Amino acid sequence: MDRTTLDLWVGIFVAAGVAALVGLSMKVGNLTSSNLGVTYSLHADYENIGGLKVRAPVKSAGVVVGRVADIHFDDTTKAAVVTVNIDTRYHFDKDTIAPIYTSGLLGEQFISLLPGGSDENLKNGDKIGKVQNALVLEDMIGKFLTSKASETNDKKAE
Amino acid sequence: MFDRMNRGLRNIGHRFIDRIWRLGSASRFFFYTLALSGESLRRFHLTVREIYFTGVLSLIIMLVSALFVGMVLGLQGYNTLQKYGSSDAIGVLVALSLVRELGPVVTALLFAGRAGTAITAEIGLMKATEQLSAMEMMAVNPIARVVAPRFWAGVISMPLLAALFSMMGVFGGYLVAVPLLGIDDGAFWSQMQASVDFREDIVNGVIKSFVFGIACTIIALFEGYDAPPTAEGVSRATTRTVVNSSLAVLGLDFVLTSFMIG
Numbered sequence: 001m002d003r004t005t006l007d008l009w010v011g012i013f014v015a016a017g018v019a020a021l022v023g024l025s026m027k028v029g030n031l032t033s034s035n036l037g038v039t040y041s042l043h044a045d046y047e048n049i050g051g052l053k054v055r056a057p058v059k060s061a062g063v064v065v066g067r068v069a070d071i072h073f074d075d076t077t078k079a080a081v082v083t084v085n086i087d088t089r090y091h092f093d094k095d096t097i098a099p100i101y102t103s104g105l106l107g108e109q110f111i112s113l114l115p116g117g118s119d120e121n122l123k124n125g126d127k128i129g130k131v132q133n134a135l136v137l138e139d140m141i142g143k144f145l146t147s148k149a150s151e152t153n154d155k156k157a158e
Numbered sequence: 159m160f161d162r163m164n165r166g167l168r169n170i171g172h173r174f175i176d177r178i179w180r181l182g183s184a185s186r187f188f189f190y191t192l193a194l195s196g197e198s199l200r201r202f203h204l205t206v207r208e209i210y211f212t213g214v215l216s217l218i219i220m221l222v223s224a225l226f227v228g229m230v231l232g233l234q235g236y237n238t239l240q241k242y243g244s245s246d247a248i249g250v251l252v253a254l255s256l257v258r259e260l261g262p263v264v265t266a267l268l269f270a271g272r273a274g275t276a277i278t279a280e281i282g283l284m285k286a287t288e289q290l291s292a293m294e295m296m297a298v299n300p301i302a303r304v305v306a307p308r309f310w311a312g313v314i315s316m317p318l319l320a321a322l323f324s325m326m327g328v329f330g331g332y333l334v335a336v337p338l339l340g341i342d343d344g345a346f347w348s349q350m351q352a353s354v355d356f357r358e359d360i361v362n363g364v365i366k367s368f369v370f371g372i373a374c375t376i377i378a379l380f381e382g383y384d385a386p387p388t389a390e391g392v393s394r395a396t397t398r399t400v401v402n403s404s405l406a407v408l409g410l411d412f413v414l415t416s417f418m419i420g
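Those protein sequence lines, which keep their order, are chains A and B. The numbering of the first sequence is the numbering used here, which starts it at 1 and goes up by one. The numbering of the second sequence is the numbering used here, which starts it at 159 and goes up by one.
Looking at chain B on its own, in the form it has when it is part of the complex (with noise of 0.2 angstroms):
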């Protein structure tokens, strides 16, 4: 019995240790990417081979599912703004629910199932196969060469995608309001512009986006980097990418909310 929880609690705190101790290596990881780009933005060719994976690919996906989350805005702002009298206003909710909250969040969310996904995979396999060891080998560091130009790219290519992602988001939202819902064409946008402002909105938006490229970025590449050289690892790797980049998004989107709004 004693023994049973001795070991239960034994358990909780290696658990524990462990988190922390891997939170300090992602740390040091991520100061010596950035202390390591030097030859990623110098050679920056191999910065856009990988802004072609992990932005232009994801492209498609991001665009279908902005459109889509438009218009689900759309309907059901629709739906509730028409109880109150005010449903000219829908211009108005879908921009800034897309410009503020789901555009950031939802391309990030998106980004680290599509891309992040790929970028920790790829370099779990380049582990196991002994490519990054390769590479050391022959004097090349696996850092400058392979994990900066993945981490610039992700930096890069977020706020793009955020910002393309509002763009489809709000046209979603206009085909829905104005040719099948009926609302005026002027007034969905003149109370857009009316409410959206630039430096509160747009440019905290674009802000969200860049902090959650870092964060995304880095988890996908540090899993990948710290992944153990096996099938199983690497397949684990993958999924924690995807766990502690969703939850590090919506952790971070609250913490700069309260920050853009306080």
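The shape of chain A in the complex, shown without the other chains (with noise of 0.2 angstroms):
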């Protein structure tokens, strides 16, 4: 078959419209800082994860570390077991401390892995023993408010 023009402009088309979508996938997606590559996965319990979701970043000094692999209630204990998926190339002590943390006052929820002093590494499916609960505004409000109150007391006791 004999080429002409006209295929080397649909040749030029599909190229740039698949270019389009890779560029499309990289550039604005997250499929670059989604593929972390090979990974091991820990479990924490909470007792809120307030509006953690799967695939939220799991962060350590601020850099994705990892992400959620799967949140789902346990009916036994009554709490929320989070799966993170962390990447080999990270490792963490058994004195970790993963609090649930918001980015920014409306941000999405992530959690953050603070190194503790142990000298042994966590390992694939272990479970990360100290945790933080969400930060949930109504609670908040609550304690807020009693606070006041009590204060507000105190001075009329005086």
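Please note that the accuracy of each hint is not assured.
Distance condition first, Cα-Cα at most 16 angstroms in a straight line; then the derived EDC-like pairs of lysine to aspartate or glutamate [said to hold, decoys possible]:
no., chain 1, residue 1, chain 2, residue 2
1, A, K53, B, D355
2, A, K27, B, D343
3, A, K130, A, D95
If you're looking for bench data, these hints aren't it; they were derived computationally from the structure. These numbers were taken from a predicted model, which means no experiment stands behind them.
Fit chain to chain and form the complex, with the hints in mind.
Spelled out as structure tokens, the structure:
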């Protein structure tokens, strides 16, 4: 089959279209950052995970080191069991604390890993012992109000 | 009085039944095209030729409109986001609205206007000048030889055009946001990458444009094939292509979005 300039144009068009798709996934989307390579998984039990979602980032010192793989409710302990996948390049010791933080005032929630001082590292399937629940705005307002109320009571007592 | 009312009712009923009738023949036409598309895939140069006419020649209008759509999104978004002190999120706004909605939908609407009308007019005129009947006389099935290559060309072109549209739109938004309005370059891209999901947003956008490609092309082909073989008939069919494709795209968009979000 002889080639024509028409084929060339169609070739350019298809190549540009595919390049745009790849560009969209790489530059606009999060395909590059979601590929963490080889990972190992850890578990953590929370009383309250707030608005944490599957695929939320797991950060340590602000760097994404993994992602939330699964969240489910444990009926016996009545706690939320969060499974996170951590890149095998990063190691965390057994005293690591895993609080749930919010990025910005109204941003998405993520798990932060604060390293402790233990010599032993967490292995695949281990449970992170020390956790800190997500901040719930209603609880905070409730605490604030009760503390205000007790303050005014103290003043009256004086 | 009663007679006139009767006639009006009969007219409405006639129109309704006619629509249903056309819907039925359009569906039959669609399956017939699918069944006979073996040849257009085996002799792929037929399809390549049509990709040139539907895809490559639509590129200029797509890219120029995408650039302006992106720039307008950038300006409008900045104006509103700035009030809430979150003008850094402009990249997210531009990228999400383009990848999820505007990319596939505006591409499909432009495609209906640019390529769909051309397909309808071409096939309508082929029918009016009895080229299709001539093919049948030579034992060439016009659906396999004329309709199917154009169908596949449209289905292949649409997702590629939509991807190019989204990319160009994001670039347009970038042009307005970063050099013109002074948003930080890093914040623009990093916030965008943090919120645009590959599976949820980009793949869903491609699925949408693929469905729109099928709908727009089959409507254009059917209107052309079904057009009365007169000058007036072809002109009416061309108008109907644009109207029906636009309605189909917007309706399908709602259905697909509710599936994807729900």
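Now the hints, each set against the structure:
1. K53/A x D355/B: Satisfied, since the Cα-Cα distance of roughly 13 angstroms is no more than 16 angstroms.
2. K27/A x D343/B: holds, 13 angstroms
3. K130/A x D95/A: holds, 7 angstroms
In terms of the numbered hints stated before, the structure departs from none.
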